[in-house]
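Engineer: Counting in this note's numbering, the sequence shown runs from 3 upward without gaps.
Think of the hints as simulated: they come from the structure by calculation, not from any bench.
Hints may contain errors.
Here are the simulated EDC-like pairs of lysine to aspartate or glutamate, each with C-alpha atoms no more than 20 Å apart in a straight line [what the hints assert, rightly or not]:
no., residue 1, residue 2
1, Lys49, Glu107
2, Lys118, Glu100
3, Lys72, Glu210
4, Lys49, Glu84
5, Lys118, Asp136
6, Lys72, Asp151
7, Lys49, Glu80
8, Lys72, Glu100
9, Lys72, Asp53
10, Lys49, Glu87
11, Lys72, Glu84
12, Lys72, Glu142
13, Lys49, Asp151
14, Lys118, Asp128
15, Lys72, Asp122
16, Lys72, Glu29
17, Lys72, Glu37
18, Lys118, Asp151
19, Lys72, Asp136
20, Lys72, Glu58
21, Lys172, Glu161
22, Lys72, Glu97
23, Lys72, Glu161
24, Lys172, Asp128
25, Lys72, Asp128
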Amino acid sequence: MKKRSLTLHTPLRTLAFDADDTLWHNETFFQITQERFGALLAPHAPKADLDTILLETERRNIGRYGYGVKGFTLSMIEVAIEVTEGAVPAPVIGEILEAGREMLEHPIELLPGVDKALRDVARNFDVVLITKGDLLHQEEKLAASGLGDLFAAVHVVSEKNAATYLRCLKEPATSMMIGNSMRSDILPALQAGARACHIPFEIEWALEEAQDPIDPQNFFRLANMANLPRFLTQFR
Numbered sequence: 003m004k005k006r007s008l009t010l011h012t013p014l015r016t017l018a019f020d021a022d023d024t025l026w027h028n029e030t031f032f033q034i035t036q037e038r039f040g041a042l043l044a045p046h047a048p049k050a051d052l053d054t055i056l057l058e059t060e061r062r063n064i065g066r067y068g069y070g071v072k073g074f075t076l077s078m079i080e081v082a083i084e085v086t087e088g089a090v091p092a093p094v095i096g097e098i099l100e101a102g103r104e105m106l107e108h109p110i111e112l113l114p115g116v117d118k119a120l121r122d123v124a125r126n127f128d129v130v131l132i133t134k135g136d137l138l139h140q141e142e143k144l145a146a147s148g149l150g151d152l153f154a155a156v157h158v159v160s161e162k163n164a165a166t167y168l169r170c171l172k173e174p175a176t177s178m179m180i181g182n183s184m185r186s187d188i189l190p191a192l193q194a195g196a197r198a199c200h201i202p203f204e205i206e207w208a209l210e211e212a213q214d215p216i217d218p219q220n221f222f223r224l225a226n227m228a229n230l231p232r233f234l235t236q237f238r
């Protein structure tokens, strides 16, 4: 208990936020597009098989294309070629490309409570954004969100690991990472020496799944973003 008390009273100066599925909807649109993809390729493979092949293709392609809509679209095209043995009709490729364009152009939908909570906590803490994905698309989403002016710094990274947080956070010991992904937002931030607050989203991409930290020190969980301002009063 003594160690926990000391941790709570360590000054907290910086709040780092994830973007997708922490501040605004993201995975929902991937799931909708994947359903559309399954319908397009239904004559060639069962949906369950397509989902499995697509997930493994995405896993393999992350190192090539990174995270985000563009890599997802290329992976869908690759799977379409594979399951049709190279005979995928051109209109199907066109439909996949159109689905990708629609995802890129979809309006930003903030999650409930995000706007107010972020503005409240920005009055008392330095606020930064640490998100992975396609640089151009992430910048466009942030601009469309109306939240851009709240962040003292924005980091769009290719991967989130301990080295990323050590690079992006000036003082990890006085920082807290807030996000929906256990694998990307929570575990590596804790490894870097920061605190971390998990706010789960209703849909989780399989490649972001991970177990809770074994040692709960510096790890917290909230049901939603609206609870964040009151939760943070213990660190002031």
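Engineer: For each hint, tell me whether it holds in the structure or not.
Structural biologist: Structure-based check of each hint:
{"no.": "1", "hint": "Lys49 / Glu107", "verdict": "violated, 26 Å"}
{"no.": "2", "hint": "Lys118 / Glu100", "verdict": "violated, 34 Å"}
{"no.": "3", "hint": "Lys72 / Glu210", "verdict": "holds, 18 Å"}
{"no.": "4", "hint": "Lys49 / Glu84", "verdict": "holds, 14 Å"}
{"no.": "5", "hint": "Lys118 / Asp136", "verdict": "violated, 27 Å"}
{"no.": "6", "hint": "Lys72 / Asp151", "verdict": "violated, 27 Å"}
{"no.": "7", "hint": "Lys49 / Glu80", "verdict": "holds, 16 Å"}
{"no.": "8", "hint": "Lys72 / Glu100", "verdict": "holds, 12 Å"}
{"no.": "9", "hint": "Lys72 / Asp53", "verdict": "holds, 18 Å"}
{"no.": "10", "hint": "Lys49 / Glu87", "verdict": "holds, 17 Å"}
{"no.": "11", "hint": "Lys72 / Glu84", "verdict": "holds, 19 Å"}
{"no.": "12", "hint": "Lys72 / Glu142", "verdict": "holds, 14 Å"}
{"no.": "13", "hint": "Lys49 / Asp151", "verdict": "violated, 42 Å"}
{"no.": "14", "hint": "Lys118 / Asp128", "verdict": "holds, 16 Å"}
{"no.": "15", "hint": "Lys72 / Asp122", "verdict": "violated, 34 Å"}
{"no.": "16", "hint": "Lys72 / Glu29", "verdict": "holds, 14 Å"}
{"no.": "17", "hint": "Lys72 / Glu37", "verdict": "holds, 17 Å"}
{"no.": "18", "hint": "Lys118 / Asp151", "verdict": "holds, 14 Å"}
{"no.": "19", "hint": "Lys72 / Asp136", "verdict": "holds, 8 Å"}
{"no.": "20", "hint": "Lys72 / Glu58", "verdict": "holds, 16 Å"}
{"no.": "21", "hint": "Lys172 / Glu161", "verdict": "holds, 18 Å"}
{"no.": "22", "hint": "Lys72 / Glu97", "verdict": "holds, 14 Å"}
{"no.": "23", "hint": "Lys72 / Glu161", "verdict": "holds, 16 Å"}
{"no.": "24", "hint": "Lys172 / Asp128", "verdict": "holds, 11 Å"}
{"no.": "25", "hint": "Lys72 / Asp128", "verdict": "violated, 32 Å"}
Going through the hint list in order, the structure does not satisfy hints 1, 2, 5, 6, 13, 15, 25.
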